[in-house]
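Novice: Fit chains B and C to the given chain A structure using the hints.
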Amino acid sequence: MIQTATETESCDNRSTRPDETVLRASDLNVYYGDDRALRSIDMAIPERKVTALIGPSGCGKSTFLRSINRMNDLIDVARVEGELYFHGKNVYDDDVDPVALRRKIGMVFQKPNPFPKSIFDNVAYGLEVQGTTDDVDIDERVERALKNAALWNEVEDRLDESGLELSGGQQQRLCIARAIAPDPEVILMDEPASALDPVATSKVEDLIEELAEEYTVVIVTHNMQQAARISNKTAVFLTGGELVEFGDTNEIFENPDHDRVEDYITGKFG
Amino acid sequence: MSTKIDDELFGSADLQWEKLKNKLFLGICFTASLFGVVVLVFLLADVAYEAGIGIVEFDINIGQFLTEGGRRDPEDAGFYAAIVASVWLMALTAVMAFVVGVGSAIYLEEYAPDTRITRLIEANLANLAGVPSVVYGLLVLAAVVNGFGTGSILLAGAIALALLIVPIIIVSTQEALRAVPDGLRNGSYATGATQWQTIRQVVLPAAIPGILTGTILALARAIGETAPLIMVGILFTARRPPGPLDSFSAMPSQIYVWAAQPQPHFHHLAALGIVVLLAFMLTMNAVAVFLRNRYEREL
Amino acid sequence: MSTDSPNDSAITGDVARADRIRNRHARRLLFTCASVTVITTVAIFAVLIDNAFSYFYGVTLHDAILGVTFEQQVSFSEFLTGTRWAPDHARPAHGVLPIVYGTLAITVGAAFVSIPIGTATAIYLSEYASPAVRSKLKPTLEVLAGIPTIVYGFFAISFITPLFISPLGNLFGHHVGRYNMLAGCIVVGIMTIPMVSSISEDAMSSVPDELRNGAYALGATKFDVSTKVVLPASISGVFASYILAVSRAIGETMAVTLAAGFQAQITGNPFDEIMTMTAYMVSMARGESAVGTVEYQSLFAVGLVLFVMTLTMNLLNDWIKRRYREEYQ
Numbered sequence: 001m002i003q004t005a006t007e008t009e010s011c012d013n014r015s016t017r018p019d020e021t022v023l024r025a026s027d028l029n030v031y032y033g034d035d036r037a038l039r040s041i042d043m044a045i046p047e048r049k050v051t052a053l054i055g056p057s058g059c060g061k062s063t064f065l066r067s068i069n070r071m072n073d074l075i076d077v078a079r080v081e082g083e084l085y086f087h088g089k090n091v092y093d094d095d096v097d098p099v100a101l102r103r104k105i106g107m108v109f110q111k112p113n114p115f116p117k118s119i120f121d122n123v124a125y126g127l128e129v130q131g132t133t134d135d136v137d138i139d140e141r142v143e144r145a146l147k148n149a150a151l152w153n154e155v156e157d158r159l160d161e162s163g164l165e166l167s168g169g170q171q172q173r174l175c176i177a178r179a180i181a182p183d184p185e186v187i188l189m190d191e192p193a194s195a196l197d198p199v200a201t202s203k204v205e206d207l208i209e210e211l212a213e214e215y216t217v218v219i220v221t222h223n224m225q226q227a228a229r230i231s232n233k234t235a236v237f238l239t240g241g242e243l244v245e246f247g248d249t250n251e252i253f254e255n256p257d258h259d260r261v262e263d264y265i266t267g268k269f270g
Numbered sequence: 001m002s003t004k005i006d007d008e009l010f011g012s013a014d015l016q017w018e019k020l021k022n023k024l025f026l027g028i029c030f031t032a033s034l035f036g037v038v039v040l041v042f043l044l045a046d047v048a049y050e051a052g053i054g055i056v057e058f059d060i061n062i063g064q065f066l067t068e069g070g071r072r073d074p075e076d077a078g079f080y081a082a083i084v085a086s087v088w089l090m091a092l093t094a095v096m097a098f099v100v101g102v103g104s105a106i107y108l109e110e111y112a113p114d115t116r117i118t119r120l121i122e123a124n125l126a127n128l129a130g131v132p133s134v135v136y137g138l139l140v141l142a143a144v145v146n147g148f149g150t151g152s153i154l155l156a157g158a159i160a161l162a163l164l165i166v167p168i169i170i171v172s173t174q175e176a177l178r179a180v181p182d183g184l185r186n187g188s189y190a191t192g193a194t195q196w197q198t199i200r201q202v203v204l205p206a207a208i209p210g211i212l213t214g215t216i217l218a219l220a221r222a223i224g225e226t227a228p229l230i231m232v233g234i235l236f237t238a239r240r241p242p243g244p245l246d247s248f249s250a251m252p253s254q255i256y257v258w259a260a261q262p263q264p265h266f267h268h269l270a271a272l273g274i275v276v277l278l279a280f281m282l283t284m285n286a287v288a289v290f291l292r293n294r295y296e297r298e299l
Numbered sequence: 001m002s003t004d005s006p007n008d009s010a011i012t013g014d015v016a017r018a019d020r021i022r023n024r025h026a027r028r029l030l031f032t033c034a035s036v037t038v039i040t041t042v043a044i045f046a047v048l049i050d051n052a053f054s055y056f057y058g059v060t061l062h063d064a065i066l067g068v069t070f071e072q073q074v075s076f077s078e079f080l081t082g083t084r085w086a087p088d089h090a091r092p093a094h095g096v097l098p099i100v101y102g103t104l105a106i107t108v109g110a111a112f113v114s115i116p117i118g119t120a121t122a123i124y125l126s127e128y129a130s131p132a133v134r135s136k137l138k139p140t141l142e143v144l145a146g147i148p149t150i151v152y153g154f155f156a157i158s159f160i161t162p163l164f165i166s167p168l169g170n171l172f173g174h175h176v177g178r179y180n181m182l183a184g185c186i187v188v189g190i191m192t193i194p195m196v197s198s199i200s201e202d203a204m205s206s207v208p209d210e211l212r213n214g215a216y217a218l219g220a221t222k223f224d225v226s227t228k229v230v231l232p233a234s235i236s237g238v239f240a241s242y243i244l245a246v247s248r249a250i251g252e253t254m255a256v257t258l259a260a261g262f263q264a265q266i267t268g269n270p271f272d273e274i275m276t277m278t279a280y281m282v283s284m285a286r287g288e289s290a291v292g293t294v295e296y297q298s299l300f301a302v303g304l305v306l307f308v309m310t311l312t313m314n315l316l317n318d319w320i321k322r323r324y325r326e327e328y329q
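If you read the sequences in order, they're chains A, B and C. All residue numbers for the first sequence refer to my numbering, where the first residue is 1 and numbers rise by one. All residue numbers for the second sequence refer to my numbering, where the first residue is 1 and numbers rise by one. All residue numbers for the third sequence refer to my numbering, where the first residue is 1 and numbers rise by one.
Bear in mind the hints are in silico, worked out from the structure with no lab data behind them. Given the structure is predicted, the values throughout are model-derived calculations rather than measurements. Warning: the hint list may mix true and false statements.
[Unchecked claim] Just a sample of chain A residues kept apart from chain B, beta carbon distances all over 12 Å, derived:
| id | residue |
| --- | --- |
| 1 | 27 |
| 2 | 70 |
| 3 | 76 |
| 4 | 158 |
| 5 | 159 |
| 6 | 199 |
| 7 | 205 |
| 8 | 245 |
| 9 | 263 |
[What the hints assert, rightly or not] Dumping the calculated EDC-like pairs for lysine to aspartate or glutamate here, alpha-carbon to alpha-carbon at most 20 Å:
| id | chain 1 | residue 1 | chain 2 | residue 2 |
| --- | --- | --- | --- | --- |
| 10 | C | 228 | B | 14 |
| 11 | C | 321 | B | 14 |
| 12 | B | 19 | C | 224 |
| 13 | A | 117 | B | 14 |
Glycine included, C-beta positions come from ideal geometry on N, C-alpha and C.
Extracted from the complex, chain A is given alone in its bound form (with noise of 0.2 Å):
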């Protein structure tokens, strides 16, 4: 069952040993009514690495990032064939709670979406509704998430403000600290930069870095520059859903297999 990703050289210089799987998509296909929004992908995404996703827009990246965590279930529409492994288990499979799943799989979303609460509570949101009750517990646990979101230093004294009070990019760092504060082992990331200005934007960047000691990232970027900075894995989505290539980061960039992906990473078209 393990397969892929192992046998690639990985060329990234801050782990030597082999990549472990965590996730592994299988002939995966989503359906949105008759579209099929993603065509057979097969993908081994590695643990404690940073794996974009690229595409133009409309060619199933984010579909493939919300079927990790199985956020496609909240679309009427949405239909998912094949498998999609988290630790070898398939996620789609029945007794799969969605609940649980999410619980092991965080996800911080395209636009900021901090809950109408204080700084505090949206990090503790998490941790309340996968219930932990201990007060003690779930401060260390805030402030530990909120380090390493790097927003700390920043509402350290204002935790019982408003988290719609602060700026765009604190935002979007709120809402990796709620997704973080939990404990998952993955973190989905959909275009977290893209509302973001320079700054915010590489302040942000750095955190994933940083992110990869800890947790799994995987992230869709309309982004190319992005995804080659902070990637090691890079995968291409191109139009009608087909993921056309994917490998370790300087690769692809570098030498690409496939024309078409050539042409669309150095801006050809897309």
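Specialist: Chains B and C alone, transformed into the frame defined by chain A:
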């Protein structure tokens, strides 16, 4: 030559008539829209005038009016028992209608699958909103007052009013829930929350100002409803303030009893009662507007 | 740390089981709330039919089904065609027509007030008024709809009848009493103006400006645009507002009771006292003390007729909205 062309183009008699027609039409429309406002002013002035006459010429003592119960003799009659009855009615109606109305709206907006049953419930709501209030009174009269044998008690009146405003509360709550951005729901689901956790901890707190506003406005409508109470209860003048299980005469029914009497003294008591009733409604509306303005900027 | 074994992934049901069960309970409870609305409708039908049966046969329908013997005491043909209504009289008469007439007279009369004034108001609000004026005028008019109907009744007997209708009646040589048909028509008309104006204005405002501009470009005046473009384009919404106003007028109770009176008669004279179905119900309401009496039973027979009339209006409204909906997006 040129003047003739000018005439044809810009000054023809036809165009004059067009202009006049337009002015006339605007005048009619403008007058019509003022009509409602003028009537409103006259209505309020009439009530105030009649109440004023009552105080000046019939020596109605406002203190006594607000603290005494109903009496057969207009000289001693007061509104206190009716006010207490209405306050009780509102409290009980609010609890019942809020629970059922908000609960239904959450189900329809957040949980309900798009099935035939759901569509039936939705279509039925529109129908219920058009049922005359007097029919709700008949329903409670037969089903509660006589069916369960409660008798004509205040609680039965509250049930009638609650049934009457549940559709209104459902519709306004649905609107408030729809105004909560889906991003918040997704954020919560992605954190591993169940649907109920999402609703209780994220959606409802964000929607509660809108829900409360809608509920208060619905209650402001209920407090003036007379017909269902007359169907449920007995028309009489209550001496003592009632509890939930006593027979009762609320503000609007007391006003009706007074207004239907031939003696002028009662007539002015009715006017004063209307002033109190309108003051209650005004306060409730003001609270609703305040809530709406206070929380509007959030989200 | 991770192997490909399913054991340590913990994404199967057990982790969130308690939360999931709670979610299911909440859902079930909320569904119960929603079903209350359906139960209400069913109960209204059941109660009205059950008790109306007793008006005609002396026992309720459910008693009849349970085997209580009964015989017809009021014939349907008398009920539907008789022209005298006095079910509680020593010499009872069971013709419902006079009070149906009363209701229809008030409804039609009120429509003569609310429809022209409401429509003209809607045109002014939608086509002429500046946003500032509209934002003040519209809520002010809606206050009219929020005033309790009992207050309108009071307004009729203390203001409209003595100050307008009595002098008018005298002019035509009629003595006008405390109650009269005309006052009822006027107050019910006034209180339904906001329904017509508000809903019609919504429909008119949703007519896209392209249509207006197209007409202006052809040299149309504002009058032409309002009456020949906007009104036809929004006619289904406007019509729906009329039906809603009519439906409301049929079910209106306290204002007509206080304004129009308790004399069940078919009369063309607007200065005469009449009785609507709702006024009859108010006059007969005696609470629980009256169970089994003909007054009590007649309440439900009349209530059923009233309910069927408003239901028809609501269904008609529904049908028009679905059949003639203009979609401008």
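Novice: All the hints need checking, so say for each whether the structure fits it.
Specialist: Checked hints:
no.: 1; hint: 27; in the structure: 25 Å, holds
no.: 2; hint: 70; in the structure: 9 Å, violated
no.: 3; hint: 76; in the structure: 7 Å, violated
no.: 4; hint: 158; in the structure: 18 Å, holds
no.: 5; hint: 159; in the structure: 18 Å, holds
no.: 6; hint: 199; in the structure: 23 Å, holds
no.: 7; hint: 205; in the structure: 21 Å, holds
no.: 8; hint: 245; in the structure: 28 Å, holds
no.: 9; hint: 263; in the structure: 34 Å, holds
no.: 10; hint: 228(C) / 14(B); in the structure: 18 Å, holds
no.: 11; hint: 321(C) / 14(B); in the structure: 39 Å, violated
no.: 12; hint: 19(B) / 224(C); in the structure: 11 Å, holds
no.: 13; hint: 117(A) / 14(B); in the structure: 66 Å, violated
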